[in-house]
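All chains should be built: construct the whole structure from the sequences, respecting the hints.
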Amino acid sequence: MNKLFSRFAVSEFLQNRRLRGIALMTAGLAILGIVLSFLLNWIFGIVVLVLVGLATLGVFNTMAEIGADTTQYISDLSFRIQQGGQEALIRMPPGVMILGDSDQVEWLNPYLQHYFEDQNILGRPLADVDPELSQLVTATAPKTLTTVKWRDYRFTLYVQPDFHAVYLYDVTHYQLIQEQYDNEKIAIGQIFLDNYDEITQSMTDQDISNLRNYVTNELSSWVQQFDMYLKQLDDDHYFILAYAKSLAAIEADKFKILDTIRETTSKQNFPLTLSIGIAYGDPNLNKLADQAQSNLDLALGRGGDQVVVKAADQEARYYGGKTNPMEKRTRVRARMISQALQELMNESDQIFVQGHTQPDMDSLGACLGIRRIAKMNHKTCWIVLDQETVHSDVQRLLDDLQDYPDIVDAIISPKRALELATDQSMLLMVDHSKASISISSDLYHRLENRVMIIDHHRRGEEFPENPLLVYIEPYASSTCELITEMFEYQSQESEPINKVEATAMLTGIFVDTKHFSLRTGTRTFDAASYLRSAGADAIKMQQYMKENVDSYLQRNHLIELVEFVNEDIALVAGEDDQTYDPVTAAQAADDLLNMSGVDASFVITRRADGRVGISARSLGRINVQLTMEAMGGGGHLSNAATQISDKTVAEVKQQLLDILNHKQDPVTE
1 MNKLFSRFAV
11 SEFLQNRRLR
21 GIALMTAGLA
31 ILGIVLSFLL
41 NWIFGIVVLV
51 LVGLATLGVF
61 NTMAEIGADT
71 TQYISDLSFR
81 IQQGGQEALI
91 RMPPGVMILG
101 DSDQVEWLNP
111 YLQHYFEDQN
121 ILGRPLADVD
131 PELSQLVTAT
141 APKTLTTVKW
151 RDYRFTLYVQ
161 PDFHAVYLYD
171 VTHYQLIQEQ
181 YDNEKIAIGQ
191 IFLDNYDEIT
201 QSMTDQDISN
211 LRNYVTNELS
221 SWVQQFDMYL
231 KQLDDDHYFI
241 LAYAKSLAAI
251 EADKFKILDT
261 IRETTSKQNF
271 PLTLSIGIAY
281 GDPNLNKLAD
291 QAQSNLDLAL
301 GRGGDQVVVK
311 AADQEARYYG
321 GKTNPMEKRT
331 RVRARMISQA
341 LQELMNESDQ
351 IFVQGHTQPD
361 MDSLGACLGI
371 RRIAKMNHKT
381 CWIVLDQETV
391 HSDVQRLLDD
401 LQDYPDIVDA
411 IISPKRALEL
421 ATDQSMLLMV
431 DHSKASISIS
441 SDLYHRLENR
451 VMIIDHHRRG
461 EEFPENPLLV
471 YIEPYASSTC
481 ELITEMFEYQ
491 SQESEPINKV
501 EATAMLTGIF
511 VDTKHFSLRT
521 GTRTFDAASY
531 LRSAGADAIK
541 MQQYMKENVD
551 SYLQRNHLIE
561 LVEFVNEDIA
571 LVAGEDDQTY
581 DPVTAAQAAD
591 DLLNMSGVDA
601 SFVITRRADG
611 RVGISARSLG
621 RINVQLTMEA
631 MGGGGHLSNA
641 ATQISDKTVA
651 EVKQQLLDIL
661 NHKQDPVTE
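Numbering-wise, the UniProt record's numbering puts 418 at position 418 of the sequence shown, and it's gapless, one number per residue.
I should point out that these hints are in silico values taken from the structure, not numbers from a laboratory.
Any given hint could turn out to be false.
What the hints assert, rightly or not - With a straight-line Cα cutoff of 20 Å, these simulated PhoX-like cross-link-like pairs (lysine-lysine) come out:
no., residue 1, residue 2
1, 375, 499
2, 185, 287
3, 256, 267
4, 185, 245
5, 245, 256
6, 499, 540
7, 546, 514
8, 540, 514
Okay, structure coming up:
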């Protein structure tokens with residue numbers, strides 16, 4: 001207001017100055033006229049002089065009146081402005097509070113007083129009067145508008161430390177409108193019955209009808225409970241529509257519908273599981289529907305029996321996934337994938353295959369299997385491998401491959417692969433689906449539009465955008481098992497898999513199943529039988545899996561450091577200044593599961609690359625995959641890992657303990 005008044009006063013001053021200038025100019029012209037009149041005729045000059053004198057008197061009187069009126073107007077306006085400012089300070093909506101040097105309340109306007117009702121707060125410390133408001137004021141950055149919640153109201157809070165002043169503007173009405181808008185945003189979801197076709201194949205029509213009615217009734221009750229809309233699209237496919245408020249409620253409920261249907265159907269010997277993908281946050285319904293389908297694909301790729309909730313450009317939230325995935329793959333699917341692979345190979349000028357960094361026997365065995373399939377189809381295939389970072393078991397295999405010059409010549413470095421790659425080449429990623437852990441991320445980016453994935457790990461959020469073909473089967477024991485099944489559908493006239501390839505692939509299966517004790521199904525033994533008949537050497541397998549004395553001693557040293565969390569979780573943290581081989585850490589985690597009462601194990605060690613790694617294992621009751629995903633890793637329900645940069649072993653251990661003790665929530669429970 002003072003600025004407004006100052007601008008008005010300056011404007012009036014300039015206007016009066018212009019008027020005086022005009023008056024002086026007029027007076028000068030009048031004097032000139034009088035002089036000229038006397039020169040012409042003295043009588044005429046006297047008459048003009050009298051007239052000018054009268055006019056001058058009238059002008060001065062008028063100017064005096066204008067000056068008086070202007071002064072009165074400015075004085076009156078000044079009073080009204082000051083009065084209005086005081087009135088606004090006292091009665092207008094912004095609440096104002098003045099604090100003393102010790103944060104005692106020295107003054108507040110009547111508008112803010114009514115929020116304290118009849119409470120006498122003057123002279124008292126704000127922390128004693130209202131601890132909540134005191135904390136808000138302390139936490140608010142000076143001279144920054146911040147929206148806060150206080151006493152069931154929403155305020156825009158502004159703190160002016162120079163004057164110890166606090167300003168509160170009530171925006172409850174507008175905030176409630178915003179919250180209503182946010183709550184009524186649309187979320188789209190898809191529900192898929194994971195193993196409906198497999199279960200109903202052996203059921204009678206009446207049992208199928210009963211099962212279908214049960215699932216539909218349970219889902220209908222569930223959506224009614226949370227005010228959602230459900231539409232059945234097919235026998236095993238449903239569509240749901242919900243508000244964001246309902247989505248928040250079912251997330252708080254942890255999607256218990258998964259457990260309800262799984263447990264009830266299991267008691268009836270028809271264990272049925274659900275996978276759900278839900279998308280939100282995009283005003284475009286077409287994009288929202290596409291995102292929901294992508295989220296469902298992600299849930300299925302991770303093994304099913306879980307929910308993926310994700311908005312575009314945000315991290316996914318996972319729920320469920322507590323059970324091992326049901327076996328859903330069939331030989332028909334294996335045949336279709338094999339045929340599709342052959343077609344893609346025939347359309348490519350050459351094939352590159354690579355596993356993950358620090359390759360194990362499953363990764364390299366899968367590469368050898370893909371190379372053999374490519375050769376059966378008369379295509380050139382290169383195995384991309386960094387031979388400087390291999391473990392001892394892989395190195396023993398590489399030494400034996402020296403007797404097979406055609407295979408040795410097909411193993412190339414990542415640098416050589418980039419030189420050979422063309423726009424018509426195809427890249428197969430085996431035993432992993434994350435480009436960030438590929439042996440050559442550069443090769444992936446070079447051929448990112450010509451990528452196929454074959455993997456047995458649960459699909460993670462990081463995934464190639466446009467793969468040519470995806471074959472992910474979390475139920476499979478290993479990638480070598482998946483590729484072994486493809487040999488049956490190759491040309492019988494082609495050169496069959498040789499002895500060293502069969503041995504490498506069987507070793508990959510043997511290692512990943514922990515001697516056929518974990519994640520082993522009938523198809524696993526079928527694949528092992530095929531490889532054994534193809535010449536896999538059991539003695540060579542034992543030689544590949546031997547460990548040297550140093551790793552044996554390191555593994556035993558790690559086991560000696562074991563401590564227990566909640567009695568059923570074994571935890572080992574190695575020394576921060578000593579590096580351990582990742583395979584040694586994984587073996588230690590496996591050995592810890594042999595202890596009585598241990599359901600899960602975690603081994604934390606410093607790796608040679610400077611990062612801190614965690615190897616996690618479980619017997620199935622505890623989902624270690626979710627824990628590792630919360631720390632940036634992934635894997636299986638019973639076999640997972642992660643690597644963390646820029647932290648000490650002690651810091652990583654504390655982060656893991658916070659998750660295990662539920663101080664920090666994992667991706668889901």
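Now the hints, each set against the structure:
1. 375 <-> 499: 16 Å, holds
2. 185 <-> 287: Between residue 185 and residue 287 the Cα gap is close to 14 Å, so the pair holds against 20 Å.
3. 256 <-> 267: Holds, at about 17 Å.
4. 185 <-> 245: Judged against 20 Å, a Cα distance of about 8 Å means the pair holds.
5. 245 <-> 256: 17 Å, holds
6. 499 <-> 540: Roughly 10 Å between the alpha carbons, so the hint for residue 499 and residue 540 holds.
7. 546 <-> 514: 14 Å, holds
8. 540 <-> 514: Holds, at roughly 17 Å.
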